[in-house]
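Asks: The primary structure of each chain is shown beneath.
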Amino acid sequence: MKKKLTLATLWLDGCSGCHMSLVDVDERLIDVAGIYDIVFSPLVDVKEFPEKVDVTLLEGAISTDEDVEMVKRVRKSTKTLIAFGDCAVTANVPSMRNHFKLEDVFKRGYLETTPGNSIIPDEKLPKLLEKAYPVHHFVHVDVFLHGCPPSADNIFYTLVEIAEGRTPELSKRARFG
Amino acid sequence: MNDAASKDKRRKLVDATMRRFGHSQYALIETLHTVQEAYGFLDDDNLKYVAEELRVPLSKIFGVATFYHFFTLKPQGEHTAVLCTGTACYIRGVPGILSAIKKNFSVDAGETTEDNRLSLLTARCIGSCGLAPAIVLDGEIAGQVTPEIVVDRIGRMIQNDT
Amino acid sequence: MSSSVKIKTLTIDERQVGAREDQTILEVARENGIRIPTLCYLKGLSPYGGCRMCIVEIAGSPKLLPSCMTTVEEGMVVSTQTERIKKYRRSLLELYFSERNHVCSVCATNGYCELQSMAQEVEMTHVHFPYMYPHLEVDATHERFVLDHNRCISCTRCVRVCEEVEGAHTLDIKDRGIDVRIITDLDQPWGESETCTQCGKCVHVCPTGALIERGKSVGEMSKRKQLLPYLTKMREAQK
Amino acid sequence: MTPEDFKKIGETHRKKRDGFDYTINVCTAAACVSLQSDKVKDELTRQVKEQDKKDVCRISGTGCLGLCASGPLVTINNDQALYGGVKPEDAAEIVKNIDKKPVKRLQIPADMPFFARQTKIALEHCGKTDPEVIGDYLALEGYEALYNCLTTMEPVEVIDIMVKSGLRGRGGGGYPVGLKWSTVHKAVGAKKFVICNADEGDPGAFMDRSMLESDPHSIIEGMAIAGYAVGASHGYVYIRGEYPLAIKRLKAAIRQAERQGFLGKNICETPFSFDVEIRLGAGAFVCGEETALIASIEGRRGTPRPRPPYPAQYGIWGHPTLINNVETFANISPIVRKGADYYASIGTERSKGTKVFALAGSINNTGLIEVPMGITLREIVYDIGGGILGGKKFKAVQTGGPSGGCIPEEYLDMKVDYESLAQVGSIMGSGGMIVMDETSCMVDVAKYFMDFCQSESCGKCAPCRVGTAQMYNLLNLISQGKATMHDMELLEELCDVVRNTSLCGLGQTAANPVLSTIRFFRDEYLAHINDKKCLAGVCVIEHKEEPVL
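Chains as they are written, first to last, in the numbering used here: chain W, 1 to 177; chain C, 178 to 339; chain E, 340 to 578; chain V, 579 to 1127.
In short, the hints are calculated from the structure, not lab data.
Possibly wrong hints are sitting among the right ones.
Unchecked claim - Once the Cα atoms are required to be at most 20 Å apart in a straight line, the calculated EDC-like pairs of lysine to aspartate or glutamate come out as:
| no. | chain 1 | residue 1 | chain 2 | residue 2 |
| --- | --- | --- | --- | --- |
| 1 | V | Lys679 | V | Asp689 |
| 2 | V | Lys665 | C | Glu317 |
| 3 | C | Lys225 | E | Glu531 |
| 4 | E | Lys426 | V | Asp1074 |
| 5 | V | Lys617 | C | Glu317 |
| 6 | E | Lys426 | V | Asp1015 |
| 7 | V | Lys1060 | W | Glu130 |
| 8 | E | Lys564 | E | Glu505 |
| 9 | W | Lys172 | E | Glu422 |
| 10 | E | Lys425 | V | Glu1071 |
| 11 | E | Lys513 | C | Asp220 |
| 12 | E | Lys345 | E | Asp361 |
| 13 | E | Lys425 | V | Asp1074 |
| 14 | E | Lys564 | E | Glu460 |
| 15 | E | Lys425 | W | Glu169 |
| 16 | V | Lys829 | C | Glu214 |
| 17 | E | Lys402 | V | Glu1071 |
| 18 | E | Lys426 | V | Glu1071 |
| 19 | W | Lys3 | W | Glu69 |
| 20 | C | Lys251 | E | Asp526 |
| 21 | V | Lys826 | C | Asp315 |
| 22 | E | Lys425 | V | Glu1070 |
| 23 | V | Lys970 | V | Asp1015 |
| 24 | W | Lys4 | W | Asp31 |
| 25 | V | Lys627 | V | Asp668 |
| 26 | V | Lys1060 | W | Glu69 |
| 27 | W | Lys76 | W | Glu51 |
| 28 | E | Lys426 | W | Asp142 |
| 29 | E | Lys578 | E | Glu559 |
Remember, predicted model here, so these are calculated numbers, not experimental data.
For reference, chain W alone in the conformation it holds in the complex (with noise of 0.2 Å):
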């Protein structure tokens, strides 16, 4: 038997509507189990990304220092990184602040639309950066597999053509955006 390769799935900025998506492979879900092992991700329960990935699908904006952080460490740990979803190739929803002024976004994000005595949250948090940033912003991505959310068919197909060895060709497959 073939060896099983390694697969890991996150999101960072992102609503999770990816991971639904990847959810809606359905039954064809245990192909996946038999091709992929998943190593990480929000549907396991391990919490320190793995040293060495073959696969991953990396959901979401990069919003926060943190986000900086966990792309990169991503990036040196994976062979393929596929940036999953529209948020992740373009930013998508989360840039939409991005023609604002970070502290007017805090200011209508906390203080604005929130009733009663309402503060901006402190550093504890993940630092916000003045812009989200798609994930190729900051790290080489081998596959952009687009879609809000992408469909289940592409998301399948994009594995299995990893998988064979082969590189997805989804431009044609799917609308951009």
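Starting from the known structure of chain W, arrange chains C, E and V on it as the hints suggest.
Replies: For chains C, E and V alone, coordinates are given in the frame of chain W:
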């Protein structure tokens, strides 16, 4: 047109330009030059007037007026300083001069001071490269200037008539 | 076709085609089922030559020429899909996406957008130029239509249809360079325009979600693509 | 008006001039005027009266004498004495010494290389005539070329002279003038137009301005000859609104020419009619591009359209239109008078004649010069220009403005012609030549030009509109020490995209300053990126670690 406007000498200049071109649409830019010369800037009333006289759509006249940087849609201050930002001037110290003016008179390029005393403009090149760096103060060219000289001369210029 | 019009023979993508001498490369290509991508071109409006998507290579010319405005010549050898052109088209499209805030997932024309489908056509996987994120307004003052500058690609189809077909010339373009914006009248809110006839042609020729009908939410705004061809045909018939 | 008539005017004028023993010429071109040469002129006039020399001495304003760095300039009988840095209080001494030895402390040696190394054709009258007096022009064979063309030559013969002279368009592209004229001549059209492009847009160039201020009639004569050759009856001068003095003099010159019958109906009693109108530019660099210029004359936004069709076939209002720039037209009358062979004998194999340059920047003798094609950059910088200001170290010569490049020291011995300049990634351009020393940072210079291009981009085509803004942002990052090598790669990629896909010349050449500085001064880019250092000390680089990106 009301009486006050028809008596307006400046309006007559504008009319003369349009007449010279037989009120052709092609006269648009020449007419805008005259409006700016006469009124100091292009105001909405004049834009509407010229649009109607030359039968040019409003959006088109606005498009033309904002395309050319020579035209301004804001009234200018009592005094103007036009700093040349041509290559020769640039490499001989324009950035320093610009920040000195900004700092000393609290005005940004393309803006007018709050007290309306000074408008600071930049020109892509006034063709006086031999005198670089050069600045035009109320129409008069000053060449081979330094930040200190410029600040001093502008200071004197805007204080002259108080 | 009048008898004085000459016929030229040329080669497009290794196919021999015939054309009237006054036709553009794009027109001839389309007649022959050869697809050349376009954004600012729209049949029924004057050609503009600004989007650069329709550039082609012509043997013997070092410059890439816009097929929408280049007329055919006898013996011309045109290539529309070389690797070089494909690469440039992809880069151009990435520049479009980087220029303003095109967030497809929350756009009313998601799924019906020409910019979006163009990305697929030219096989763009991501935008590798930095996004510019300008702060732009949305003009929602008109009772029927919305102008969202975030989605505008400055193709000026709306300006041209307003001037050339409707005859109102309510829309034009102001400023220049990266600052160009679509305006109504003297750059006033659309709702206050006294020249707008509310015909809505601008909305239906707009390739993106920059011009939409009010009240349409994400993915609801499809454009009536047959409107302009229909009008053009009917007007020609009247002549 | 017959040639005899206008020769008579010239003759009378000459006699009137010769009636004086001394002519004091005061430069009244913009640079000297801004140094108060008008006050010098007034004071000289007063002194002549006061010292009772009115019968032997006349004062005249004159066009650009070239050596702007030493203005205000004054000459006595053209070459008897040249004075620089003249102040109103020097007037008395100058007039007093008019028939004696020149005033030593003001004198500039007329044989200094700045003057000796030049060959003046387009500038032949500059500094010798009063630009506001047509008689001065007529006294120097003015309008004779036009008369000869109209009375002794067929249009094709005139075109033939241009072809043989080898003159190439001096606006930048260097398109052969004879060929262009011939195309417009052959173009079918009931009406044809001649346009003089005087929308001098390059920052750091003032050739057109000086020529229009100094010798407006030569431009008008050149245009009229062109009109005759191509079959046009109407001409436009599209001139920058920012040049009030040039506009004033050109307007006056047109009126004078009309009055003397060199413009208007039946010029020199021939069937040829030609008039010239002025159109003001309004501050848009892109209007130097032919089709944008035409849009602007037509009263529209100055956006270009794809060529072909070229204006020679489809120009202003759809009519065949010839567009040449100021310097090109200034060359026409001298070429007709002196002959194509004379002109072609100057210069190099493929670049004939002379070229006017506006020499500026970090150089001792800033000013307006005209040199034979094929002269080396070293001769221009060190002999004519007198070397680098303040004894600093030479770094680069910038030619061609925002469409050109920066040429480093290793190419100083290169001959100046269209082909050589193109080979080192620059262009001839319209004639701006800016010398830079070691205190200029080449990344900063590239950023400067890209800022210019992005703010002058008309916004019609996406590559230029977005690409130049993107390139500017990247150059800004580099200059601030915030860029990575990846940004450098993006910059180079954008250069390629913008150059190859832009609609007009502005975008197609916008990358040149970047490409040429990367090519010759890559170490400066790398120093900003890798070492966070600006070698010239121009760029402000903050040395704090960014907490976030």
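Asks: A separate judgement is required for each hint: does it hold in the structure or not?
Replies: Outcome of the hint check:
1. Lys679(V) - Asp689(V): Roughly 17 Å between the alpha carbons, so the hint for Lys679(V) and Asp689(V) holds.
2. Lys665(V) - Glu317(C): holds, 17 Å
3. Lys225(C) - Glu531(E): Roughly 15 Å separates the two Cα atoms, so the pair holds.
4. Lys426(E) - Asp1074(V): OK: Lys426(E) and Asp1074(V) at ~11 Å, within 20 Å.
5. Lys617(V) - Glu317(C): The given pair, whose Cα atoms are some 14 Å apart, holds under the 20 Å limit.
6. Lys426(E) - Asp1015(V): violated, 39 Å
7. Lys1060(V) - Glu130(W): Satisfied, since the Cα-Cα distance of roughly 15 Å is no more than 20 Å.
8. Lys564(E) - Glu505(E): Cα-Cα ~16 Å, so holds.
9. Lys172(W) - Glu422(E): holds, 17 Å
10. Lys425(E) - Glu1071(V): holds, 15 Å
11. Lys513(E) - Asp220(C): holds, 16 Å
12. Lys345(E) - Asp361(E): holds, 8 Å
13. Lys425(E) - Asp1074(V): It holds: about 14 Å lies between the C-alpha atoms, which stays within 20 Å.
14. Lys564(E) - Glu460(E): With Cα atoms ~19 Å apart, Lys564(E) and Glu460(E) stay inside 20 Å; holds.
15. Lys425(E) - Glu169(W): holds, 16 Å
16. Lys829(V) - Glu214(C): holds, 17 Å
17. Lys402(E) - Glu1071(V): holds, 18 Å
18. Lys426(E) - Glu1071(V): holds, 11 Å
19. Lys3(W) - Glu69(W): violated, 31 Å
20. Lys251(C) - Asp526(E): holds, 14 Å
21. Lys826(V) - Asp315(C): holds, 19 Å
22. Lys425(E) - Glu1070(V): Holds, at roughly 18 Å.
23. Lys970(V) - Asp1015(V): It holds: about 6 Å lies between the C-alpha atoms, which stays within 20 Å.
24. Lys4(W) - Asp31(W): The hint holds at about 12 Å.
25. Lys627(V) - Asp668(V): holds, 15 Å
26. Lys1060(V) - Glu69(W): Holds, because 19 Å separates the two Cα atoms, which is no more than 20 Å.
27. Lys76(W) - Glu51(W): holds, 8 Å
28. Lys426(E) - Asp142(W): holds, 19 Å
29. Lys578(E) - Glu559(E): It is violated: about 37 Å lies between the C-alpha atoms, which goes past 20 Å.
The structure fails to meet hints 6, 19 and 29 from the earlier list, while all remaining hints are met.
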